[in-house]
Amino acid sequence: MISRELAREILQIALSRGGDSAQLFFERTRSTTLRLDGGRLDEAAAGVDQGVGLSLIEGGRTMYANGNKLDGDSLARMAERLSRSLTSSSEGPRSLDLSFKERPLRLVSPILVPPATVPMERKVELLRRADGAARAADSRVSQVTAFYRDTGQEVLVAGSDGTWASETRQYITIFVTAVARQGDDIRTGSESRSETRGFEFFDVNLPEDVGAEAARLAILQVSAKPAPAGTFTVVLSSKAGGTMVHEACGHGLEADFIEKSLSAYAGKLGQQVASPLVTVVDDGTLPNLRGSSSMDDEGAPTTRAVLIEKGILKGFLHSGRTARMMDTAPTGHGRRESYGHLPLPRMRNTIILPGETPPEAILASVKDGVFVCRMGGGEVDVATGNFVFNCSEAYMIRDGRLAEPIRDATLIGNGPEVLSSIDMVGSDLGYGVGTCGKEGQGVPVADAQPTLRIPRLTVGGVAT
Amino acid sequence: MTNREARENDSSLDRALAAARTCGVAGGEAFLEDHSVFSVSVSGGKIENLETQDVRGVGLRLFDHGRVGFTYTADLSDQGLRDAVDIARTLLAHSDPDDAHRLPETDFSDTPEPEIYDPLVARVDPQEKIRAARRVEEAARAADSRVTRVRQSKYTDVVGRVEVANTSGLRRSFPFSRVYASIEVNAEQRSELQSGWYSDFAVRFPSLDPMHIGREAARRAVQKLGATSTATRRANLVLDPIVAASLLESISPALHADNVLKGKSVLAGRVGRQVAGPKVTLLDDGRLQGGDHSAPYDAEGVATRCTMLIEGGVLKGFLHSTYTSLRMGAAPTGNAFRQSFKSPPRISPSTLYLQPTGTARESLMAEAGDGIYITEVRGLHTIDPISGDYSLGASGMTIKSGRLDAPVDRIGIAGNVVDLLMSIAGVGSDLRFMPGGGAGSTTLLMDIAVSGT
Chain A
0 MISRELAREI
10 LQIALSRGGD
20 SAQLFFERTR
30 STTLRLDGGR
40 LDEAAAGVDQ
50 GVGLSLIEGG
60 RTMYANGNKL
70 DGDSLARMAE
80 RLSRSLTSSS
90 EGPRSLDLSF
100 KERPLRLVSP
110 ILVPPATVPM
120 ERKVELLRRA
130 DGAARAADSR
140 VSQVTAFYRD
150 TGQEVLVAGS
160 DGTWASETRQ
170 YITIFVTAVA
180 RQGDDIRTGS
190 ESRSETRGFE
200 FFDVNLPEDV
210 GAEAARLAIL
220 QVSAKPAPAG
230 TFTVVLSSKA
240 GGTMVHEACG
250 HGLEADFIEK
260 SLSAYAGKLG
270 QQVASPLVTV
280 VDDGTLPNLR
290 GSSSMDDEGA
300 PTTRAVLIEK
310 GILKGFLHSG
320 RTARMMDTAP
330 TGHGRRESYG
340 HLPLPRMRNT
350 IILPGETPPE
360 AILASVKDGV
370 FVCRMGGGEV
380 DVATGNFVFN
390 CSEAYMIRDG
400 RLAEPIRDAT
410 LIGNGPEVLS
420 SIDMVGSDLG
430 YGVGTCGKEG
440 QGVPVADAQP
450 TLRIPRLTVG
460 GVAT
Chain B
0 MTNREAREND
10 SSLDRALAAA
20 RTCGVAGGEA
30 FLEDHSVFSV
40 SVSGGKIENL
50 ETQDVRGVGL
60 RLFDHGRVGF
70 TYTADLSDQG
80 LRDAVDIART
90 LLAHSDPDDA
100 HRLPETDFSD
110 TPEPEIYDPL
120 VARVDPQEKI
130 RAARRVEEAA
140 RAADSRVTRV
150 RQSKYTDVVG
160 RVEVANTSGL
170 RRSFPFSRVY
180 ASIEVNAEQR
190 SELQSGWYSD
200 FAVRFPSLDP
210 MHIGREAARR
220 AVQKLGATST
230 ATRRANLVLD
240 PIVAASLLES
250 ISPALHADNV
260 LKGKSVLAGR
270 VGRQVAGPKV
280 TLLDDGRLQG
290 GDHSAPYDAE
300 GVATRCTMLI
310 EGGVLKGFLH
320 STYTSLRMGA
330 APTGNAFRQS
340 FKSPPRISPS
350 TLYLQPTGTA
360 RESLMAEAGD
370 GIYITEVRGL
380 HTIDPISGDY
390 SLGASGMTIK
400 SGRLDAPVDR
410 IGIAGNVVDL
420 LMSIAGVGSD
430 LRFMPGGGAG
440 STTLLMDIAV
450 SGT
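Those protein sequence lines, which keep their order, are chains A and B.
Okay, so the first sequence: first residue is 0 according to numbering that gives the first Met the number 0, each after it adds one.
Okay, so the second sequence: first residue is 0 according to numbering that gives the first Met the number 0, each after it adds one.
The set of hints was computed from the structure by calculation and includes no laboratory data.
Worth double-checking, as some hints may not be accurate.
Lysine-lysine pairs mimicking DSBU-like chemistry, simulated, CA-CA at most 30 Å apart [said to hold, decoys possible]:
#  : chain 1 : residue 1 : chain 2 : residue 2
1  : A       : K68       : A       : K224
2  : B       : K399      : B       : K261
3  : B       : K399      : A       : K437
4  : A       : K313      : A       : K437
5  : A       : K238      : A       : K224
6  : A       : K238      : A       : K100
7  : A       : K267      : B       : K45
8  : A       : K224      : A       : K267
9  : B       : K399      : A       : K224
10 : A       : K309      : A       : K224
11 : A       : K267      : A       : K100
12 : B       : K399      : A       : K259
Just chain B, same shape as in the assembly:
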């Protein structure tokens, strides 16, 4: 971003806040998002798509005696901002008042801010970025002769800035950068096709490892060749770090304080009680170095921090926005985020992860005995955060006497997430950060219902 563009942003934020100040309501908050994206996808070494994006927009919240109205606009002209204020005032008038709808005060954190910005990303030659996408593909194809097709090898970077300011005097802004690469490949053996996907990210361009991404996707596709289903039974499961991370992410709504307040969480009313195995410590850390969602402040300008959610299996607390922390009388956690300027702040985790229990992956496999190593799950979005019930499709490898044996597919795993948390018997030391937030380690689950043929 050039200095001129940064000044334009300051002025957009100030004009939005000024419009909010003069419209006759008690308070206002303006959030500005400004980012540029570069992405390229290749197949067979050739560029398929090359995309650039420059998006700017403002989200505006007005507050008045417990009422709140939210609007957004991509039209940052004076007229566009005035129209936005009018819309927010109309919505505010129809909203139901609640004392806890208030602006956050400026707070501070002792934890150092995570490093999430490298100005050099914007200056990397596009040809270098295209080469990165090609190297991912080459590595996948070279890894195994059975890798016959590449759906897409993609490189993406995002460089931008988030700013938030409110009429109580809070003002926060920070720049960020991320580079991502991903690939999906097909492996073929006789007439059987299997797909494998992998993705990774970094804050700086040189930290991305294209070769690793390609090889890992190839390994995941090839490993599935020859898969059969398995008998319906109860089994010990070892979750791949990616699966563990996405499963945690899917059950995180049960930890969001707004769901708890509304009685929509299976964990509501269980603080201080055992909700997971004694080896389970669950943390959410917004300032963790390496997390894709790590940032110094949330989308209300509240400082992010490390929040202990489950300690030794005992539920300690929830993730909060300013509203829920006021309503529940809890300390703020800095977990109000926005998908874009078009969304009001909503509670979501920063980096949610299980603290490793100091066990190596091999020991977890040995402990599983005759079980199943799960490398993929399908249908995660169907988990019910209220009842906690889940029923997923899965694939992976059988484990025989602690060793990987044969590929399995089209199996179902089902149960309740609280039982699942209770069944966690070990968390490996191989913590991996996921693109799109979250983190996971190899995780051992005891005695889970598995359905097959």
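Chain A on its own, in the form it takes in the complex:
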């Protein structure tokens, strides 16, 4: 994407009026998006975005210039302007004795069949298969939308510290929404699968299964009763994925919130912040998971970061900047949506590790409660840890058994309180995928958890 000579020259210009370090981030992203709606391919989009971001760091501040003019002259102008934005220019022009060292990276997500090599008709065919399976599932299925996306992102990081690191990330996603109608009642069910993998993803993730699952969830919703409102014992099934850990503790462990004491977890390193049954890691090195990659967007290799171990707070998620400010090692969590954004500490694959209780025993232990099988989206207020997330599949529990399905249940609680109150942890583990938003930037993530029991949680429903 850029020669080493040009990269050296641009970094040199950026640092010509002072500054501690500078870094170039190049990106070229090709994406194909197909949407089959009501059996018709009604949106087909594909294209190329490319650009560069140049950061200049001076103490605790970052100056960042970015754009998509990639010729040498434009880059030099960008670097020149950036160097002039230093408010207190200290040194005169200094020469940068820079030899790049290619950073060796472990390949985390091998790609067998690059989606760019797959003909368009095969991609469309996948969506028709998903659509057919969803419609065939039940006569009450009235609408199906099937969505396909592949994104290939080539990135290169060149830093004044000698960093030279690059990789190509391949994301692939299938998403199906089914609408079921019964009389006047219309309900939606969705199923999403996504990984960092090539087109071989579909050898395991059959479009038929994705379509049928979306249909099952929609049908379940039309037969479900409105959720009750009040406080209940809640069992979160491993099938629910990890929205809870993502919202209830993941965001609060991002080091930029910690650094400014804006998180409920700030200043609690080494302290008990969760039940002794709870261990939380964020692991960017798990092969092919949606939040995995070989390096982060600052060229740091990804790692498995232990955040909470047996209830004790052990560490945080770092970008290069927060690691430097807090005088610790980067964890490979400096991520950005694109060249147009500054890197921030972000989650990758956030996991509550399994415990020892068989999941059936957890269900059997609850006399009256709510069993959550699938979670939808959520949101957290990092300062207080207060979170909300909704359930797309949930049941009442009576006498240790699943009873009727309920709909429109929202779980409302406080992250640190919920994590401390967990009193049973299952021996199973289930994954979910999503796109996490923070400061206007979306990044691909996954999360996972075993079956968990929370003794008391507010359920926001309509039935009283």
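Got chain A sorted already, so can you dock chain B onto it with the hints?
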């Protein structure tokens, strides 16, 4: 933008259109976005981040006998544009034909164009902009001693140009400018932390009021200190203008004609029927002075206008793109927008707002009696536009005999958006425009399910 850059844009648009003309399809449309962003964030008076951005890109749609293909590129070289045309042709070949996929004709509007551009924004000294971010922070800290931390005080401006042209002879372009400032602060009392956020915007730099933004964020954080939950019950709610605006924005997909066509709107088939309280008049206005999304044309080059969606509680119509207006035989509304050059045009509102009913905020509070004043909601993105069901987390203050009483948090409000529209009993005169589009007034809702402990 310099004259040279403007000429470069014209040439990129013309080259893209020329490439579309010669590729053997019936029609084409090129959309060009070119903008520059300046933003600075401060904390403790010190600059944390200073960012500049210059982005240019083209979105291209090809049309042929009801088929359409969309592509985009940030590579505006001749080769980059030729590659883009090839991609769009491949996608077009696989798309399912539909007669209504056509280019819009050039239309005109009698409504004056909104003022959305001030060339001076680009010439304001960066030091002035940094000072604005600092003043927001100082105002927040000075407002209350319990404001102890500032997450980010940020100033951002965007200056740019949008151009769209098609092979039927339509050609529209307009410049725009916006300045924004926002802040998130924490208030602290004993060991309790609460956060408050506020943001505002303007077309011109001098119109931005940094002091107000800082004070308002502080007020919102401090107000939440000491919050407890409330009993599960049904209650009258008074929505803060910000909450009312974001709630409206979240239910707007039910008003998008494409969702209606696909049977994915809770409002489908209800035109002419009562869908909201008799005091409810809902408008979308693309030429409203002061709206963040106000613009003379949409992303297909269709003139924007004021569209009556609900009048006296009766559903009147929907928001349209060229495609949906042709499919439904409805008048165009100029509501096809793009998030960036990378998105095809999609239906979204300009400024969606409830017409004030001529009631002051105080009267609405008095009418609520013993209710809850809602200042924040969480989980808006989980509202289902098809069933209309919602279940949100919320915080605010209890209302006792028409007056604000004590802070509440971790409560749930749930129901169906049609019932919610039906429950609207009054819309205050304090209409406020939101950054990112939308507008809201203090709004009274009667008898809503609230869950707590």
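These are the hints, each one checked on the structure:
1. Our distance criterion of 30 Å between C-alpha atoms is broken by K68/A and K224/A, whose separation comes to about 56 Å.
2. The straight-line distance between the Cα atoms of K399/B and K261/B is roughly 45 Å, outside the 30 Å bound, and the hint therefore fails.
3. At most 30 Å may separate the alpha-carbon atoms for a hinted pair to count; K399/B and K437/A exceed this at roughly 36 Å.
4. Taking the CA atoms of K313/A and K437/A, the gap is about 23 Å. The hint holds against a cut of 30 Å.
5. With a C-alpha separation of about 21 Å, the suggested pairing of K238/A with K224/A holds against the 30 Å cut-off.
6. With a C-alpha separation of about 44 Å, the suggested pairing of K238/A with K100/A is violated against the 30 Å cut-off.
7. Straight-line distance between C-alpha atoms of K267/A and K45/B comes to about 26 Å, which keeps the hinted pair within the 30 Å bound.
8. Between K224/A and K267/A the alpha-carbon distance is near 42 Å, which puts this suggested pair outside the 30 Å criterion.
9. For a cut-off of 30 Å, the pair hint linking K399/B to K224/A is broken: about 33 Å separates their Cα positions.
10. A threshold of 30 Å between alpha carbons decides the hint, and for K309/A with K224/A the separation of about 38 Å lies outside it, so the pair is violated.
11. Proximity of K267/A to K100/A is assessed by CA-CA distance (about 38 Å); at most 30 Å being required, the pair is judged violated.
12. As the CA atoms of K399/B and K259/A are separated by approximately 37 Å, the hinted pair breaks the 30 Å bound.
The structure is inconsistent with the numbered hints 1, 2, 3, 6, 8, 9, 10, 11 and 12, although it conforms to all the rest.
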